[in-house]
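In order, the protein sequences belong to chains A and B.
Taking numbering that gives the first Met the number 0, the leading residue of the first sequence gets 0, the next gets one more, and so forth.
Taking numbering that gives the first Met the number 0, the leading residue of the second sequence gets 0, the next gets one more, and so forth.
Keep in mind the hints are simulated off the structure, nothing from the lab.
Hints may be right or wrong, so weigh each one.
[Unchecked claim] Cross-link-like lysine-lysine pairs, in silico, DSS-like; alpha carbons within 25 Å at most: (1) A:Lys48 to B:Lys200; (2) B:Lys212 to B:Lys200; (3) A:Lys48 to A:Lys224; (4) A:Lys26 to A:Lys48; (5) A:Lys48 to B:Lys212; (6) A:Lys193 to A:Lys26.
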Amino acid sequence: MSQPIFELRNVNKSFGPVEVLNDISLKVHEGEILCLLGDNGAGKSTLIKILSGVHDATSGEIFMDGQSVHFARPRDAVDRGVATVHQFGGTFPLMSIGRSFFVGMEPTKKFGPFTVFDRQTANEIAVREVQEFGITRIDDGDRLIGSLSGGERQSLAIARALYFGARVLILDEPTAALGVKEASHVLRVVLEAKRRGLAVIFITHNVTHAMTIGDHFAVLIRGSKAADFRRGEKSREEITDLMAGGEAMAELEAEIEEYLNSQEVNQPAT
Amino acid sequence: MFESLLRRPEAGALLGLIFVAIFFTVFGGKLFLSPAGAASWLNMAANLGIIAIPIGFLMIAGELDISIGSMVPAGSMAMGIACGYFDLPIWVGIIITMGFGVMIGLINGYMVVRTNVPSLIVTLGTLFFTAGLTLFLSLLLTGNTAVSLKAPAWAKAAFGDFYGPSLQVIVFWWLAVSLVYFYFLHFSPWGNWVFAMGGDKTSARNAGIPIDKLTITLFVLSSVSAAFVGMCQTILFNSAQVSTGMSFIFNTIISVVIGGVLLTGGFGSVVGIFFGTITFAMVNQGIYFTDFDRNLSSLIVGVMLLVAVLMNNTFREMALRYTPKKGGKS
Numbered sequence: 000m001s002q003p004i005f006e007l008r009n010v011n012k013s014f015g016p017v018e019v020l021n022d023i024s025l026k027v028h029e030g031e032i033l034c035l036l037g038d039n040g041a042g043k044s045t046l047i048k049i050l051s052g053v054h055d056a057t058s059g060e061i062f063m064d065g066q067s068v069h070f071a072r073p074r075d076a077v078d079r080g081v082a083t084v085h086q087f088g089g090t091f092p093l094m095s096i097g098r099s100f101f102v103g104m105e106p107t108k109k110f111g112p113f114t115v116f117d118r119q120t121a122n123e124i125a126v127r128e129v130q131e132f133g134i135t136r137i138d139d140g141d142r143l144i145g146s147l148s149g150g151e152r153q154s155l156a157i158a159r160a161l162y163f164g165a166r167v168l169i170l171d172e173p174t175a176a177l178g179v180k181e182a183s184h185v186l187r188v189v190l191e192a193k194r195r196g197l198a199v200i201f202i203t204h205n206v207t208h209a210m211t212i213g214d215h216f217a218v219l220i221r222g223s224k225a226a227d228f229r230r231g232e233k234s235r236e237e238i239t240d241l242m243a244g245g246e247a248m249a250e251l252e253a254e255i256e257e258y259l260n261s262q263e264v265n266q267p268a269t
Numbered sequence: 000m001f002e003s004l005l006r007r008p009e010a011g012a013l014l015g016l017i018f019v020a021i022f023f024t025v026f027g028g029k030l031f032l033s034p035a036g037a038a039s040w041l042n043m044a045a046n047l048g049i050i051a052i053p054i055g056f057l058m059i060a061g062e063l064d065i066s067i068g069s070m071v072p073a074g075s076m077a078m079g080i081a082c083g084y085f086d087l088p089i090w091v092g093i094i095i096t097m098g099f100g101v102m103i104g105l106i107n108g109y110m111v112v113r114t115n116v117p118s119l120i121v122t123l124g125t126l127f128f129t130a131g132l133t134l135f136l137s138l139l140l141t142g143n144t145a146v147s148l149k150a151p152a153w154a155k156a157a158f159g160d161f162y163g164p165s166l167q168v169i170v171f172w173w174l175a176v177s178l179v180y181f182y183f184l185h186f187s188p189w190g191n192w193v194f195a196m197g198g199d200k201t202s203a204r205n206a207g208i209p210i211d212k213l214t215i216t217l218f219v220l221s222s223v224s225a226a227f228v229g230m231c232q233t234i235l236f237n238s239a240q241v242s243t244g245m246s247f248i249f250n251t252i253i254s255v256v257i258g259g260v261l262l263t264g265g266f267g268s269v270v271g272i273f274f275g276t277i278t279f280a281m282v283n284q285g286i287y288f289t290d291f292d293r294n295l296s297s298l299i300v301g302v303m304l305l306v307a308v309l310m311n312n313t314f315r316e317m318a319l320r321y322t323p324k325k326g327g328k329s
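So that you can see chain A by itself, here it is in the shape it has in the complex (with noise of 0.2 Å):
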């Protein structure tokens, strides 16, 4: 395969004594969906701010297009297109569409000897741009983020994503405080995103969310890789087991077990 568009060598992260990430490795291509698979606490939030540039890695290095960068702040990723969509979309909700759309990057227009926030064309941009990716209930530039559901703000945060330039799409746990139906509209959204050839990282404790959409798998536990597969090369339950740790899954499952045995041995006559 061609040269991925991003990627992670041998990243390590420690807060002082405390080894959050151990060892990361791990690549993106162009148009490929790489699934980020973890527990509570496995350590995906911190990977998330090494890879948008809030937090600066211990050690290893980060390579786009095959060149070693270095991101000191959000907005040196940015810059780079790399994108990074939080868990409620990021935005603003008392804003409008149009405005929140171009927060930091307004665009102006000339009135006489001023300079104005240009409403208009920023509430078209935004309309525009989310309703090529299906999201036609957006139709008002005006409304404020508040008034949306939550799958819109994804959506909505995502078009906003491409629109500056993304090329690295990160979307940290996009699908997990939505409904089933409103799940599908992201991933819908999500893979559009691929179809336009964004490498997408998508972080998730979902595994079904993530069989959905993945190409690629990797699985942390306790800040280390602890699986890299492809699609179809592992069945749900082998995911699912994987996350929660294995073997400490069977093991748990083999004490219920016994403890049930004893249970029946002791239980009263009924």
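Fit chain B to the given chain A structure using the hints.
Positioned in the frame of chain A, the structure of chain B alone reads:
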């Protein structure tokens, strides 16, 4: 049309203003709306409004500045000491006064940005710090807690004189800066940043907004505005004394909240704050035009504040629920 007006942040303030205006016109009689009567509440609104709008910006951005309570008398004394006691030229006095405002604003801004201590606490500290510093310096430099000042005619005309029946010149300053602030918040690209900051600070920073710089700028703006009001009062009354301007703290916050600004940030408008300030000033001054007991003034302000907050909450809910008709169920 009417419904879309209600969804705007200034809806509650506008309705409140209309109600209060009618109320006091009915009970206060013609005098309330006469030029002299209007001047009484416009003067108060102007002195308050010049500070209230920057305070509103800070609240929209998710911060608060109560140090303005001692910044007003500090600005007043700075001018008085510089030009009244030391006989420096007025423009030097202006620079010293504004410089003092900038200094306190920078202290507030840097402390909030660097320490992550809530701005209420930081500015509570600088509130007392500034009050103490003003008293100490006044006694150290002049040996007195009051100074008188004889400002030249041009300075009187520009900063502290009466026009018409009894309208203070500061009313024109208020109208002018309100226009500038209106442009800044609602039409310039920077206004968007203020809203974004109050809505979600982390997202705003990730979107590349220089939130530290913006926060510090807003704190400097509110301090300088307070110093400016103090300075104008000194020039107007030809004297300054070490006093407390604690009423400014609550009065600006009340005006801003009546004006529809959300205490937790992210929502509000300059027009709303403008209306809110007039509403507050009308209630505060209007009571003197009626036959009601003067002591009811605070009671009315309190009721009005609560009603305003409830109304603003309702209108904000309406704005959040709003979906266009053809959008179907959601």
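Unmet hints by their number, sorted upward, for this structure: none
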